[in-house]
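Just so you know, the sequences run in chain order R and V. Terminal number for the first sequence in our numbering: 1424, no gaps in between. Terminal number for the second sequence in our numbering: 530, no gaps in between.
Warning: the hint list may mix true and false statements.
In silico negatives: residues of chain R with every beta carbon more than 12 Å from chain V [said to hold, decoys possible]: (1) PHE1224; (2) LYS1227; (3) GLY1416.
Pairs of lysine-lysine, DSS-like flavour, derived with a Cα cap of 25 Å [as the list claims (entries may be wrong)]: (4) R:LYS1389 / V:LYS488; (5) R:LYS1227 / V:LYS282; (6) R:LYS1348 / R:LYS1299; (7) V:LYS272 / R:LYS1364; (8) R:LYS1343 / V:LYS388; (9) R:LYS1389 / V:LYS271; (10) R:LYS1364 / V:LYS312; (11) R:LYS1389 / V:LYS489; (12) R:LYS1389 / V:LYS491; (13) R:LYS1335 / V:LYS421.
Hints are computed from structural coordinates only; laboratory data are not their basis. Model, not experiment: these values are computed from the prediction. C-beta: ideal position from N, C-alpha, C; glycine also.
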Amino acid sequence: MITEKEIAEEKTERKLVVPGELIVSGDYLPGDFTRKEGNDIIANRYGLAEISGRFVKIIPVSGVYEPRRGNTVIGRVNDINFSGWIIDIGGPYSAFLSIMESPRFINKMNLDEFASVGDVLDLKINTVKKGGIDLTLKSKGLGKLDGGRLIKINPHKVPRVIGRGGSMINLIKEKTRTDITVGQNGFIWINGDLEGEKKAEEAVNLIAQEATTEGLTDKIEKFLGGKDKWEVH
Amino acid sequence: MELPTINKKRIVSLLKEGKRLDGRGNYEFRNIHIETGISNKAEGSSRVKIGMTDVIVGVKADVQEPYPDHDDEGTMIVGMEFSPAAGERHEIGPPKMDAIEIARVVDRGIRESGFINWKELCIKKGEKVWCINIDIYCINDDGNVLDASALGAIAALKNSRLPVYDKKEESVKFGELTDEGLPLTEHVPYTMTFYKVGEGYLVDPTLEEEDASEARLTFSVSAPKKDKIIHAMQKGGEIPISEVELDVMLDKVEKIYDDNFVKLATN
């Protein structure tokens, strides 16, 4: 529980809570993933509790990917039907990419010429409806991912992997000389040579593992071998 | 998610150069970690980790009537299940094809090698024999569950103690264990599985490598003296394995045994 004293001193650092744990009691309002029982605010999810003013919310650190409109995701083609592709984006609902959402003309009879089952696409979520998710390719940088390989991390760790303003991911890209695309759904596409890819994968996994610790950027920089020490041949 | 095509391509092209994603050699196992006696209710138990793959094995002994054609021999039942927590592809419910196959391969390895001395498990000829139940439970699937299960079964059998049998009442006193271990022989059947990925072969695949493979061949090998004996084999996967390919694998069996299992056998 976070005490009154800590709040008064503005020491409301994010605190790790488990479902059912009492976060704070008093005159507070429940926000994301919290509920109010009498005067107490109780956690509904495992994550970091944050109090801003009277408002209490939790940033979850585990669980499945929750699709949101506008997210850039990476998915695998699971099936093809007469009007588009059925894509696995690792979410709770199935996702669909319509033929109309492709930026260039695609022959309706030969959908697999563009992407066949097993291919990996970089996509954007257009709408999230009750029945499923609609995806689009009509945005900058989206399309089929060729070469490289795909790895997966917990989607809630993605913000740490990207870092503030993309600082972390750029650090990894630079040091390992790889091309990396991160999907909001936790799928990460890495393309480079074998050593670089391996190092990048290890770095990403390290970030996901130690997402809640401080000074992560320094740690990763050290892991990748400091400045210009680590060279890819 | 099922294996994306790009990941398969990468695994196949690396294997052509004799490399693997995690830097291992083609015929190199991941770290094998064995823990025994993890259950206080079972007669014997073990937990085997090969890399991230995690398997729990328990052994229970019961007394039952022998089969009429083997009236002075004990019996054995092997069961295998995947926990839904083992991976997203495993659901709750009765064991599926993959789990049943693993149970049968483990069963065959132990049975055909003569690892258990069946005659010594007879209490009264034609009436009462020990029945050994081996239950395998996979709690994390990161490839090569078959070899991990077989290894776990051996470790659990070696760890087992028979429960007290009351001859007057003709019943087993569960919970009271004797000092007597199971009657095991020196034919310890270690299992190794070759996977054909693209044009190359490898052992101990990760889940991705397992998904990328098109055929597999399992050997149950023991080395009671100096020579190694193959007791059982099992072929799986969609494509056939030719005679030449079989020769390649047979050549490697002894080396893999020496590299990976000798150190286990001495413990």
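Okay, the hints, checked on the actual structure:
With a minimum CB-CB distance of about 23 Å to chain V, PHE1224 of chain R clears the 12 Å threshold, and the non-interface call stands. No beta-carbon of chain V comes within 12 Å of the beta-carbon of LYS1227 of chain R; the shortest separation is about 32 Å. Once the 12 Å rule is applied to beta carbons, GLY1416 of chain R is consistent with being away from chain V; the minimum gap is 17 Å. Restraint check: the Cα-Cα separation between LYS1389 of chain R and LYS488 of chain V comes to about 42 Å, which exceeds 25 Å; the hinted pair is violated.
A distance of roughly 56 Å separates the Cα atoms of LYS1227 of chain R and LYS282 of chain V; the hinted pair therefore is violated under the 25 Å criterion. A threshold of 25 Å between alpha carbons decides the hint, and for LYS1348 of chain R with LYS1299 of chain R the separation of about 38 Å lies outside it, so the pair is violated. The straight-line distance between the Cα atoms of LYS272 of chain V and LYS1364 of chain R is roughly 22 Å, inside the 25 Å bound, and the hint therefore holds. Of the pairs offered as hints, the one joining LYS1343 of chain R and LYS388 of chain V is violated, with about 57 Å between alpha carbons and a cut-off of 25 Å exceeded.
Under the criterion of a C-alpha separation no larger than 25 Å, the hint pairing LYS1389 of chain R with LYS271 of chain V is consistent with the structure, at around 16 Å. Between LYS1364 of chain R and LYS312 of chain V the alpha-carbon distance is near 33 Å, which puts this suggested pair outside the 25 Å criterion. Proximity of LYS1389 of chain R to LYS489 of chain V is assessed by CA-CA distance (about 40 Å); at most 25 Å being required, the pair is judged violated. This hinted pair does not check out: LYS1389 of chain R and LYS491 of chain V have alpha carbons roughly 37 Å apart, beyond 25 Å.
Taking the CA atoms of LYS1335 of chain R and LYS421 of chain V, the gap is about 53 Å. The hint is violated against a cut of 25 Å.
The structure is inconsistent with the numbered hints 4, 5, 6, 8, 10, 11, 12 and 13, although it conforms to all the rest.
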